[in-house]
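Visitor: Line by line, the protein sequences give chains A and B. Sequential numbering of the first sequence, starting at 1, is according to our numbering. Sequential numbering of the second sequence, starting at 1, is according to our numbering.
Hints in this document: simulated from the structure, not taken from any laboratory. Every residue, glycine too, gets a C-beta built ideally from N, C-alpha and C. A portion of the hints provided could be inaccurate.
What the hints assert, rightly or not - If you anchor each label on the Cβ, the simulated ranges turn out as follows:
#1 B/R39 / A/I234: 49 to 59 angstroms
#2 A/I404 / B/V75: 19 to 29 angstroms
#3 B/V75 / A/L210: 28 to 38 angstroms
#4 A/R156 / B/L23: 57 to 67 angstroms
#5 A/K130 / B/R49: 39 to 49 angstroms
#6 A/K136 / B/R77: 19 to 29 angstroms
#7 B/R77 / A/L201: 18 to 28 angstroms
#8 B/L23 / A/Q417: 19 to 29 angstroms
#9 B/S13 / A/K136: 27 to 37 angstroms
#10 A/K136 / B/L23: 29 to 39 angstroms
#11 A/L210 / B/S13: 43 to 53 angstroms
#12 B/V75 / A/H446: 42 to 52 angstroms
#13 B/E18 / A/L444: 43 to 53 angstroms
Claimed, not checked - Below, a sample of chain B positions facing chain A; criterion: calculated Cβ distance under 10 angstroms:
#14 G31
#15 P51
#16 G66
Claimed, not checked - According to the in silico footprint, chain A covers these stretches of chain B (three or more CB under 8 angstroms from chain A):
#17 20-28
#18 35-46
#19 69-77
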Amino acid sequence: MKINKILLMGNPNVGKSAIFSRLTGVKVVISNYPGTTVEFAQGKTKIGKERPLVIDVPGTYTLEPTSKAEEVAVKMLKDGDLVINIVDATNLERNLYLTLQLLERNIPVIVALNMWDETKHHGIVIDVKKLEEKLKIPVVPTCALTGEGIKELINRLPKARALKMQFASDGERWKRIGEIVEETQKLTHHHHTLLQRLEELSIKPLTGLLIAMGVIYCAFLMIRFVGESLIGYIFGPLFERLWLPLMMRLSTFLGQGGFLHHILIGNLIEGKIDFGQSFGLLTTGLFVPIGMVLPYILSFYLMLGLLEDFGYLPRLAVMADNLMHNLGLHGYALIPMILGLGCNVPGALTTRLLKERREKFIAATLMAIAIPCMAQIAMIIGLVGQRGGKYLAIVFSTLFILLIVKGLILNKVLKGQSPEIFIEIPPYRMPQFMAVIKKLWMRLFHFLCEALPFVLLGILFVNILYALKIIGFLAHIFAPVLTNLWGLPKEAISALIIGFLRKDVAVGMLGPLNLTTKQLVIGSTILAVYFPCIATFAVLVRELGIIDMLKSAAIMITVALLIGAFLNLIL
Amino acid sequence: MTVDITRLQPGESGTVAEIQGGLGFTRKIQGMGIRPGKRITKVSSHFWRGPQTIAIGNLKVAIGFGMAKRILVKVER
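Build the full structure now, drawing on both the sequences and the hints.
Guide: The structure is reproduced here in structure tokens:
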């Protein structure tokens with residue numbers, strides 16, 4: 001039989017994605033399952049001369065779906081030719097439940113017994129030969145981390161079989177699993193490894209809190225260090241030494257003025273191009289996304305990828321559960337928030353992990369108001385940071401306090417209860433270098449594809465608006481709010497308008513306005529709070545529905561009005 | 001003696017006796033491997049009715065306080 005479509009299926013946290021990245025090359029496509037926001041990855045592998053498609057199906061515990069992601073997994077099963085069932089060797093019993101359910105379907109199955117190397121540390125001995133006999137399908141021990149067993153897995157794919165087993169009830173299934181485990185697995189005494197000790201310490205109340213604070217602190221230091229180094233040694237010199245002379249020549253060529261010069265190069269500041277303030281497509285338009293934002297995006301996603309693959313995030317979710325509970329969410333809602341720090345779009349997409357409408361609404365509103373994306377953070381650091389670290393602290397602590405206060409209020413006001421956490425805490429694992437790099441590359445690629453056009457569009461748009469004097473007109477209309485309430489110059493309206501398109505450009509637009517430090521702090525805070533960027537808005541409309549999104553937007557605008565006025569009064 | 005998970009001491013073990021709740025709830029809990037007859041060990045419990053973490057074999061699970069109250073465990077004391 002010809003195999004066209006291979007499905008990788010298994011429980012969450014069994015190293016499915018690591019096996020996927022071993023099987024496929026660099027060309028991996030992430031798509032949404034039609035009609036849902038459930039993402040899955042697909043790529044091609046090589047078996048002899050064939051190049052079948054491999055699909056990384058969302059993790060599932062059973063084929064009786066209990067969530068959107070599991071529903072998708074079950075639907076995908078219908079048009080696959082073969083299932084590679086990834087089984088966590090250190091959790092044989094629970095994993096076999098899905099295996100048996102798969103064997104009841106009419107599709108060939110082969111088992112990859114992953115995490116094989118870890119069984120040693122856990123004192124688990126599994127008789128693979130016997131397990132094969134019992135299951136009547138091929139079982140291949142693998143270790144995705146080192147690539148061990150992957151070749152054999154591919155070689156034995158043609159031996160996969162469909163059994164069409166039948167069980168009368170759930171109890172029957174568990175009974176059969178019990179028998180299989182009894183005969184194939186032996187547990188011996190083992191000593192805890194250092195990582196296992198660390199695992200326990202990081203979910204105990206006191207040590208866990210200390211570790212969480214330490215991890216967050218170190219992560220931010222690393223992000224700043226890597227980001228600043230990239231700017232200082234690579235991106236900065238690249239723009240100053242290579243790109244600037246080129247642009248100066250172009251500027252002279254264009255006669256240092258005129259319409260085209262204005263669009264491409266922008267305004268000359270004291271006869272020179274200033275990448276931060278000129279606002280031309282080829283100057284600020286390229287410098288903001290690549291020279292200022294990309295380095296921080298890179299360092300943030302590198303750090304996030306390492307923490308994700310190490311298995312720390314679920315622990316952080318447990319530690320944060322108490323706090324989040326008071327905000328009307330459970331600890332796991334921390335994950336969309338953390339992702340939102342990178343870019344609000346994936347953060348908004350991840351709110352689908354939350355089941356109830358109430359939690360989705362709270363999480364989305366909180367994120368849109370109080371979680372600035374890394375692009376915006378990088379610009380705020382670049383701009384406000386020049387005036388002193390104290391002012392950075394004011395902006396970010398204002399946002400954090402807003403997050404807490406808004407959450408407390410929404411949790412009180414909205415009907416319903418905070419949901420409860422129920423998650424598996426995977427063991428710590430050393431991240432696989434290639435998998436981390438691959439994920440980093442996909443995220444950076446995604447950022448460049450999304451951000452670059454929007455930034456350029458935003459700058460083009462603002463230049464046209466200026467040329468048509470529309471900004472002057474709007475500035476006049478909104479002057480009362482801007483000047484009286486917030487204490488900003490009325491020209492700041494241009495930043496607010498562009499903020500709908502891109503937040504990083506919007507913060508950048510505050511630069512040429514010659515603001516006082518106080519105005520800069522107020523402007524940056526309002527830009528973070530008042531509305532999500534258009535890309536996030538579109539996702540949120542889809543996730544929440546238009547009515548909830550409008551309610552959420554009303555809250556955002558109200559908060560922006562209030563916080564701006566408040567800061568204007570006290571600073 | 002039978003107690004719910006929140007009453008276990010950290011480090012204490014017991015055998016799952018009963019999961020109180022509807023079909024959806026029990027299925028969710030059982031899918032994670034927590035079934036009557038399974039031996040579980042409490043790992044930690046967080047302040048102010050915070051999440052409870054337990055170990056079943058090599059698996060660790062965090063369960064909200066209210067859910068943990070509905071999982072009864074037989075212990076020797």
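Visitor: Okay, which hints does this one fail, numbers in order?
Guide: 2, 4, 6, 11, 19
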